[in-house]
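Peer 1: Sequence:
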Amino acid sequence: MAGEIASLVKDRISHDLVGVEDALESVICQTVGRLTKIDNDYLRERETDVRDIGQRMKRHLMGMTATRLDELPENAIIVARELAPSDAIALANSGIVGIVTQVGGNLGHTAIIARSMGIPAVSGIANATQRITSGMTLLIDGDAGIVSAGPSEQELSEFDSRMAVANRESNSLQANHSDPATATKCQTLDGTDIMLYGNVGLAADLDQVLHHGLAGVGLFRTEFLYLQSERRPDTESQRLLYEQMAARLGDLPLVIRTFDLGGDKLPPFLSQDENVDASSLSLRGLRFSLAEKDLLRSQLTAIVRVAQEADVKILFPMVIGGHDFSQAIAMVDEIVEECNAFKRPQIGAMIETPAALFCLDEILELADFIAIGTNDLTQYLLAADRELSAENDQVTAMHPAVLRAIHQIASAAKRWDCPVCVCGEEAGDPEFAELLIGLGIRELSVSASRSENLRKAIAKMDSTHASALALKAQDCRCPHEVRQLLRLATKHQLISNAPGRSIDAIESCS
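Residue 32 in full-length UniProt numbering sits at position 32 of the sequence shown, and the numbers go up by one each step.
Heads up, a few of these hints could be off.
[What the hints assert, rightly or not] 25 angstroms max Cα-Cα, derived DSS-like pairs, lysine-lysine:
| no. | residue 1 | residue 2 |
| --- | --- | --- |
| 1 | Lys460 | Lys185 |
| 2 | Lys185 | Lys456 |
| 3 | Lys293 | Lys343 |
| 4 | Lys456 | Lys491 |
| 5 | Lys460 | Lys491 |
| 6 | Lys414 | Lys185 |
Just so you know, the hints here were simulated from the structure itself, not pulled from any lab data.
On a predicted model such as this, the values are computed, not experimentally measured, just so you know.
Input sequences plus hints: build the corresponding full structure.
Peer 2: What follows is the structure in structure tokens.
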């Protein structure tokens, strides 16, 4: 794509006799304008990629590089219309303390990157770039999705107090989880064991997984490593990284999801490579990986080598059915043989598309384990844009259709005696986690920063009543009714404080 834009810029310069900066600006604006008018979801989503490439070219023309980010002031908060995933990674590594964007949702890739790196991020703030000026003091509550511009002295004082309490709780947390024998334990009120794992996007996130005493890494989103790389990662550098992470985890598992690229997630070395087949860039997940076999083979080779000495598992993203999954498994088997490895790592499939729901049995027949990605599953089931979900409270995993899908997956996995873990961002929400437990889920992988509140909430839940609550939630007609049901359950204290009473006492949703 970068090559096409460069060619258009050259044509504009020679035809209109304008400077390169003006030509670039004109080409980007026209290209974005055309994309926004096309009646095709994929092509419309490429708007962000075009803007991203345009910004990179502008920075290059102006002699700006990523190192200029070091000049940001201390405690800087970035306010922008939108941020591409690659920009979010570069900014996060520069030491910023917050991100505010006009466009995007809590399930968008930029928000996930920020959250995984412990940076508060709030998306969907209308006219943020007009209402917030450079140098203005901001307070950001990433959990609540609130931005306070120009706070009063009282608000600043209250914020400092909350931060002090949070720091004390964090220090106390580390002391409580210092004993490995009890650190990973998580149980409901009635003694049901729930495994809590951590989601990580970068190796540095491992600190938080260990700090919060989680049972291992349930999802390592490796595409973030590719998004910040200007060249293709070689096998040896990947092997060393995975080896270091596995060593730090000790006996705890490390589930490595192979790169989920394509769509709005394209690393520089692919988006700027004119030799890459443009048709493959429209793919996502495993299908994209199978179209970029050399890239996938390199990553799988690194994983297989590390898995010989550690509890490392392979997870393929966005599996469609048995056909693409079997192709990926065959590649792993070839690599195991080529490496003279004595064992094949466990292989899992991400269930996050409607197609996978219809192909569950053929996937489960091949899988050692599966994971439910609620972020993409919600997007594709509800025909929504996850980057715009902040503007629509109907686009949520609380939607009855999503709950029914998760129940279908959990039931099928139970028939096949196949472990299943939910690793979407919303799994960290205690209310949603209660529904998941009620739907039969016993493994959750969440952002480490949300794990302690989740652990405390689970300890107050009763799995029997969670099951009854989840059954009722599936009969609701919309997310609003599901939330109403949860409020009524809390009001009547039927779930946490009165295990002897019936869930049927809750008023029906109407």
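Peer 1: Compare the distance between the alpha carbons of Lys460 and Lys185 with 25 angstroms, and conclude whether the hinted pair is satisfied.
Peer 2: 14 angstroms, holds
Peer 1: What's the verdict on Lys185 and Lys456, does the C-alpha distance respect the 25 angstroms limit or exceed it?
Peer 2: Roughly 11 angstroms between the alpha carbons, so the hint for Lys185 and Lys456 holds.
Peer 1: Straight-line Cα separation of Lys293 and Lys343 no greater than 25 angstroms?
Peer 2: 22 angstroms, holds
Peer 1: Decide if the proposed pair is consistent with the structure: Lys456 and Lys491, CA atoms, cutoff 25 angstroms inclusive.
Peer 2: Roughly 19 angstroms between the alpha carbons, so the hint for Lys456 and Lys491 holds.
Peer 1: Regarding the pair Lys460 and Lys491, is the alpha-carbon distance no greater than 25 angstroms?
Peer 2: Roughly 15 angstroms separates the two Cα atoms, so the pair holds.
Peer 1: Are the Cα positions of Lys414 and Lys185 separated by 25 angstroms at most?
Peer 2: Distance ~23 angstroms between Lys414 and Lys185 Cα, so the pair holds.
This entry satisfies every hint, going by the numbered hints stated previously.
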